[in-house]
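Chains L and C, in that order, give the protein sequences.
Quick note on the working numbering: the first sequence kicks off at 1102 and runs consecutively.
Quick note on the working numbering: the second sequence kicks off at 1129 and runs consecutively.
Cut-off 27 Å, straight-line C-alpha distance, at most; resulting in silico cross-link-like pairs (DSSO-like, lysine-lysine): (1) C/K1175 with C/K1185; (2) L/K1340 with C/K1268; (3) C/K1268 with C/K1185; (4) C/K1131 with C/K1185; (5) L/K1340 with L/K1303; (6) L/K1158 with L/K1540; (7) L/K1198 with C/K1268; (8) C/K1131 with L/K1198; (9) C/K1131 with C/K1268.
No lab work stands behind these hints: they were computed from the structure.
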Amino acid sequence: MVSIVESAVIDAPVDEVWRVLRDFNGHLAWHPAIATSRIEDGLPGDAVGAVRCFTLKQGGMLREQLLVLDDRRHELTYCLLEGPLPLFDYVATIRLKPVTDGNATFWQWRSTFRPPRERQDEMVGLVRDGIYRAGFRGLADHLGVRARPALSQGPMMQPSPVSKPATALSSPSIRPLLATSTHEAEAIVVERHGGPEVLVAKTIAVPDPGPGEVLLRHTAIGVNFIDVYCRTGYFDLLKPPGIPGMEAAGRIEAVGPGVTALRPGERVGYACPPVGAYATMRVMQPDLVVRLPDTIDDETAAAGLLKGMAASFLLHDVHRVEPGEVVVVHAAAGGVGSLLTQWASALGARVVATVSTDAKAAIPREGGAEVVVVRRREDFVAVVRDLTGGRGASVVFDAIGRDSFHQSIDALAQRGHLVSYGQASGPVGSWDIGAFASKSLRISRPNYGHYIGTPDDLAVQSSRFFSALEKGLVRMAPPTRFRLSQAAEAHASLEAGVTTGSLILVP
Amino acid sequence: MSKVYRSAVIDAPAAEVWRMVRDFNALPAWTPFVADSRIEQNQPSDKIGCVRNFRLKDGGQIRERLLALSDYDMSCTYSILESPMGVENYVAILSLTPVTDGNRTFAEWQAEFDAPAGREEALTHEIGTGVFEAGLVALKGRFRR
Chain L
1102 MVSIVESAVI DAPVDEVWRV LRDFNGHLAW HPAIATSRIE DGLPGDAVGA VRCFTLKQGG
1162 MLREQLLVLD DRRHELTYCL LEGPLPLFDY VATIRLKPVT DGNATFWQWR STFRPPRERQ
1222 DEMVGLVRDG IYRAGFRGLA DHLGVRARPA LSQGPMMQPS PVSKPATALS SPSIRPLLAT
1282 STHEAEAIVV ERHGGPEVLV AKTIAVPDPG PGEVLLRHTA IGVNFIDVYC RTGYFDLLKP
1342 PGIPGMEAAG RIEAVGPGVT ALRPGERVGY ACPPVGAYAT MRVMQPDLVV RLPDTIDDET
1402 AAAGLLKGMA ASFLLHDVHR VEPGEVVVVH AAAGGVGSLL TQWASALGAR VVATVSTDAK
1462 AAIPREGGAE VVVVRRREDF VAVVRDLTGG RGASVVFDAI GRDSFHQSID ALAQRGHLVS
1522 YGQASGPVGS WDIGAFASKS LRISRPNYGH YIGTPDDLAV QSSRFFSALE KGLVRMAPPT
1582 RFRLSQAAEA HASLEAGVTT GSLILVP
Chain C
1129 MSKVYRSAVI DAPAAEVWRM VRDFNALPAW TPFVADSRIE QNQPSDKIGC VRNFRLKDGG
1189 QIRERLLALS DYDMSCTYSI LESPMGVENY VAILSLTPVT DGNRTFAEWQ AEFDAPAGRE
1249 EALTHEIGTG VFEAGLVALK GRFRR
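This is chain L alone, in the form it adopts within the complex (with noise of 0.2 Å):
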């Protein structure tokens, strides 16, 4: 016998979430799987001992019996009788509780059943993800509120895979101040996970470069959401005590031994592990450093270069952009978003953004994007479908994950291309590729790391960007400045969405 429990909270009351999923006919309005649903022998919905006769959208008839419906304790129970799986006494229940915190739901779906033992995994995965998840999510979109947001995934960057050899990790923690130190600097610690008051301004000592090192001095520091991530622990780039940051612009102080591609005084940037960027001086590998041109000034560099040479591999290498193609942006006033909008638009490209609200969505129209749609309120797939004729997007860039990959799916033309570059909304869950045959669809699922690993893709990408942004393909708009010593500051408003665009430090 297995055992499986999902659950969410639903930004709904709960009376409100109960009124729908307590009629047992119900499935067939909310939830996504369902083509056909009806009760047998004219009985109402909420009839105990009610059969509901249905049939999937991916094929399949089933028959379910209602055994109990609870509107005190907001619980129903049922059982599977026939279906075309192998869910042996199969029993599910349907719990919902409210959150008096914010007048939400929380919703428990639990079952039991036996499977054949080389079946397992792939009942239990199916139950869990194909109707479970899914019907969250069905129901959040039903009652056109969303399932409560967990904490988002910033785009791209993810814990594990980082791309660089192990001693670009091997440096983050800070140096005791009693090694061989020479140079005083002023750094932001993080002597604990946690909040943003973890964040502590400390003298620091940090040593001569050794071979093939080189000592930067930084002069801004590009502050980004995955900062937040190693702050709070949730990835494990930064180890307490330890220095945050990924990403800035500055000087080089000095060369380590038989280091001899870049002299002092040369301007420089980076966008990449290991941490240690909220410092005013660090100790860094030279081959992942850009030296930068002059008509980029060090505050645009520490803003944008990670997002800038995340847009230039997304549009060349991950996908090539061609004139005429439509392309669907998705959270195009995000960092990454508004930089593929201007610059696929810039290459000719007929740019379908979307974004979450009315508020964001002249960021996208300044940017040259054809049509923007404002998700909460439009259906984007109908707008794609208006625009082509019926034939769909060849593209699509879509960081928001779980909320937004099924549409994303269905927007795109016959060999279309989605490029599912972060999860902000969440996991996207297991899809069977098969289904990707309908369309010749090609999924691509990039990571930063693979393609900025080598100082050839490095100076490729930055090139690129630099280029972009001195014939105006791109423009940033200019960051909102703290100091060093107000990184938590800087941390509280990112978290807080209260900042439009890039944030930085300046020591």
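Guided by the hints, dock chain C onto chain L, whose structure is given.
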């Protein structure tokens, strides 16, 4: 019989939150209203029947007995032995349930009690808002990722 119920979603895995709240003597560590706490007779704080004796920041003294503790359900049941509130037959349950979507925690805090005539509404509000809600909000803030 009066009833109070409050619940909230905490942005951390349930096991992590449980590690903090299962300690019957840990109220000063995570609630904003408890000044200090001790377990009477030096008993371990997970011994069923032990009594926590704590002082509120406003000066009130409360003694509560641990009636049930479940590491399986992640729930803790206790009764009030003495308090300045004047409630009788007060039994409260603090329980956690995982939210699998996002690996978070659904936390519930509820109580049933008899209040002196005419004090039902005031006590229901005081316990619901001043104790349970304040405690859950503090827990939320503590685990904010």
